[in-house]
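> All chains, please: the whole structure from these sequences, using the hints.
Top line first, the protein sequences correspond to chains A and B. Yeah, the first sequence ends on 496 if you go by this note's numbering, and it's all consecutive. Yeah, the second sequence ends on 496 if you go by this note's numbering, and it's all consecutive.
These are calculated hints, taken from the structure and not from any lab test. Be careful, since some hints might not be right.
Since the list can't tell identical chains apart, any single copy or any two copies may satisfy a pair.
No farther apart than 20 Å at their CA atoms in a straight line, the calculated lysine to any residue pairs in the SDA-like style are these [unchecked claim]:
#1 K253 - P218
#2 K253 - V286
#3 K253 - I173
#4 K253 - V210
#5 K253 - G209
#6 K253 - T155
#7 K253 - G457
#8 K253 - A164
#9 K253 - H330
There are 2 protein chains.
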Amino acid sequence: MRTEISELGEFALIDRLTDTIETTHPTTIMGAGDDAAVLSFAEDNLTLLTTDLLLEGVDFDLSYFPLMHLGYKAVTRGVSDILAMNGLPTALTLSLGVSSKLSVEDLEDLYSGVRHACGELGCDIVGGDTTASVNGLTINVSVVGTVPRDRITYRSGARENDLVFITGDLGAAYLGLHLLERERRALADVDNPQPQFDGYEYLLVRQLRPRARRDIVDALAAEGIVPTSMIDLSDGLASDLLQICRSSEVGTRIYLDRLPIARETHNLAAELNLDPVVAALNGGDDHELLFTVPLEMQERVTALGLGIEMIGYITPASGGAALITPDGEQIPLQAQGFRSVVSD
Amino acid sequence: MRTEISELGEFALIDRLTDTIETTHPTTIMGAGDDAAVLSFAEDNLTLLTTDLLLEGVDFDLSYFPLMHLGYKAVTRGVSDILAMNGLPTALTLSLGVSSKLSVEDLEDLYSGVRHACGELGCDIVGGDTTASVNGLTINVSVVGTVPRDRITYRSGARENDLVFITGDLGAAYLGLHLLERERRALADVDNPQPQFDGYEYLLVRQLRPRARRDIVDALAAEGIVPTSMIDLSDGLASDLLQICRSSEVGTRIYLDRLPIARETHNLAAELNLDPVVAALNGGDDHELLFTVPLEMQERVTALGLGIEMIGYITPASGGAALITPDGEQIPLQAQGFRSVVSD
Numbered sequence: 153m154r155t156e157i158s159e160l161g162e163f164a165l166i167d168r169l170t171d172t173i174e175t176t177h178p179t180t181i182m183g184a185g186d187d188a189a190v191l192s193f194a195e196d197n198l199t200l201l202t203t204d205l206l207l208e209g210v211d212f213d214l215s216y217f218p219l220m221h222l223g224y225k226a227v228t229r230g231v232s233d234i235l236a237m238n239g240l241p242t243a244l245t246l247s248l249g250v251s252s253k254l255s256v257e258d259l260e261d262l263y264s265g266v267r268h269a270c271g272e273l274g275c276d277i278v279g280g281d282t283t284a285s286v287n288g289l290t291i292n293v294s295v296v297g298t299v300p301r302d303r304i305t306y307r308s309g310a311r312e313n314d315l316v317f318i319t320g321d322l323g324a325a326y327l328g329l330h331l332l333e334r335e336r337r338a339l340a341d342v343d344n345p346q347p348q349f350d351g352y353e354y355l356l357v358r359q360l361r362p363r364a365r366r367d368i369v370d371a372l373a374a375e376g377i378v379p380t381s382m383i384d385l386s387d388g389l390a391s392d393l394l395q396i397c398r399s400s401e402v403g404t405r406i407y408l409d410r411l412p413i414a415r416e417t418h419n420l421a422a423e424l425n426l427d428p429v430v431a432a433l434n435g436g437d438d439h440e441l442l443f444t445v446p447l448e449m450q451e452r453v454t455a456l457g458l459g460i461e462m463i464g465y466i467t468p469a470s471g472g473a474a475l476i477t478p479d480g481e482q483i484p485l486q487a488q489g490f491r492s493v494v495s496d
Numbered sequence: 153m154r155t156e157i158s159e160l161g162e163f164a165l166i167d168r169l170t171d172t173i174e175t176t177h178p179t180t181i182m183g184a185g186d187d188a189a190v191l192s193f194a195e196d197n198l199t200l201l202t203t204d205l206l207l208e209g210v211d212f213d214l215s216y217f218p219l220m221h222l223g224y225k226a227v228t229r230g231v232s233d234i235l236a237m238n239g240l241p242t243a244l245t246l247s248l249g250v251s252s253k254l255s256v257e258d259l260e261d262l263y264s265g266v267r268h269a270c271g272e273l274g275c276d277i278v279g280g281d282t283t284a285s286v287n288g289l290t291i292n293v294s295v296v297g298t299v300p301r302d303r304i305t306y307r308s309g310a311r312e313n314d315l316v317f318i319t320g321d322l323g324a325a326y327l328g329l330h331l332l333e334r335e336r337r338a339l340a341d342v343d344n345p346q347p348q349f350d351g352y353e354y355l356l357v358r359q360l361r362p363r364a365r366r367d368i369v370d371a372l373a374a375e376g377i378v379p380t381s382m383i384d385l386s387d388g389l390a391s392d393l394l395q396i397c398r399s400s401e402v403g404t405r406i407y408l409d410r411l412p413i414a415r416e417t418h419n420l421a422a423e424l425n426l427d428p429v430v431a432a433l434n435g436g437d438d439h440e441l442l443f444t445v446p447l448e449m450q451e452r453v454t455a456l457g458l459g460i461e462m463i464g465y466i467t468p469a470s471g472g473a474a475l476i477t478p479d480g481e482q483i484p485l486q487a488q489g490f491r492s493v494v495s496d
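Structure below.
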């Protein structure tokens, strides 16, 4: 018997592979199913562990992805999962499968991006594994973090009437990828290609060098705010918010006209005949944080500034998950993750 | 400027990339440079972290490597690094880059091997990342473990006159690989190939399904023995013992006629015109433990049984590292790691 992976679909594949995995170790508080695993080694703090794999040709294209940025982004992707548990990163390991088409200087560029991101985020590089690859470049980042026991935030804690907040803006990374792909195609046969990115630099930064939102987790801690639930926006707002709903057994309503979309995202979407709202909902790769807090905390969260926006609220599960348009229409949210396969 | 990776060599590459990395986090006790990173989150115990990348076409060949065994071996490789710090594994994450030539059933086989090894070793599977791969199968295993502070064993603690012990026997995994490669070549053009492994099953098991030596770490703990240094035998006895010498700033003498080599290893080496001692010294992939203890602990270690063998002793650094032949000749030990690139 042979079942094709494509036939099953990626969500179902992961469920099938991991569904019956039980954790038995007394130190394992939470295994798969949230942004990071939760381990208990100390009295006051919990230890967090997450891993992310990036493959050439799937997650990045080296023809337009500078290696320094790629190193930076690999760290962002790993650390964002720790932040989404309301924790801070402490240590990171880097596995590299290196094809011979890369030079030593290329790898130094990659490492310099990794170091820069780790420096910004207060995370040590503590080891790794470097192997020759006969295929493309392979990068795996594993990150360990910590969070005080009374501050840990799972996907499962959202409650009816909680408010839904997101940081930053949505869809820019996705449009940045479209822009890079357009220029690559346009310049495929050109000597000394000069891609045209004028006016869209912001979108490139969001795609090539997204920043993990440690500032948000620090600010929440400084103000003594603990979200009821939180997730890293990696697969797209729709998909990630549905994960919160599924884990918390709740529904949600979000307002279309509250979705924060940057001017550059609107502009390029118009130029490319794309719907910016679709990019915002399903674009993915934003690496912003989505979280919920009780209604009565609205003002305290808004007072944080930092570009945090309230986009909706939590309903009972029976209400389902929907987007409300300005004229009051309700459109069911559907998961259409941007990445080919979904990760924790 | 472009420096080829092959030009620099793999050891030098890793040194160049990681040499200037400093760790600054107060919880980071030890970063790169030992079998696992050492983190301090609790009063009594230290937390260990290690990562290992396995790539199709480099680390394994799916034409003869059953996926169930591959899953098992990936766990062995990761967990061995935790054991080599005298720690025990608690949690493991599994990243998979999956090519479409694999079916869902293939992945279930892989996972069943991972589960089986984790079950034997008392380690929970706590998460992962599954991604489509346009190239071959990619596996990354990250393992977290713990060790009491007073039992942690680094590579750097070997002292003059300490004795050198190893577990198991050497070179069998390497000969097992030769056997598999020989049959693959011989049967490349044959329908319904029937490889001939009679009498060499032991070598296949050592290559395809090596067992991580948790039993050794448990026995050392039960008897209250703390080695002065320890390392996982992954790159070959010569290379790994030289790591101990370098980290501990000592030299060593090991006796050729004390190297434990299985009868099957001798037999196949004779058949293939290979030197079994070279296989034992440089074969790699054994995943046994090499450790040192003070001279006065010899009897206590020997009394453990478990196939632990004393193969030599530690000298001052000025003595260098050498193999002593039965007629008293001294041959300098040289690192000739079997794996194409060296990992932690």
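> Now tell me if each hint is right for this structure.
Comparing the hints with the structure gives:
| no. | hint | result |
| --- | --- | --- |
| 1 | K253 - P218 | within (15 Å within a copy, 30 Å between copies) |
| 2 | K253 - V286 | both (10 Å within a copy, 17 Å between copies) |
| 3 | K253 - I173 | neither (39 Å within a copy, 25 Å between copies) |
| 4 | K253 - V210 | both (18 Å within a copy, 16 Å between copies) |
| 5 | K253 - G209 | both (15 Å within a copy, 16 Å between copies) |
| 6 | K253 - T155 | between (35 Å within a copy, 11 Å between copies) |
| 7 | K253 - G457 | neither (45 Å within a copy, 49 Å between copies) |
| 8 | K253 - A164 | between (36 Å within a copy, 18 Å between copies) |
| 9 | K253 - H330 | neither (26 Å within a copy, 28 Å between copies) |
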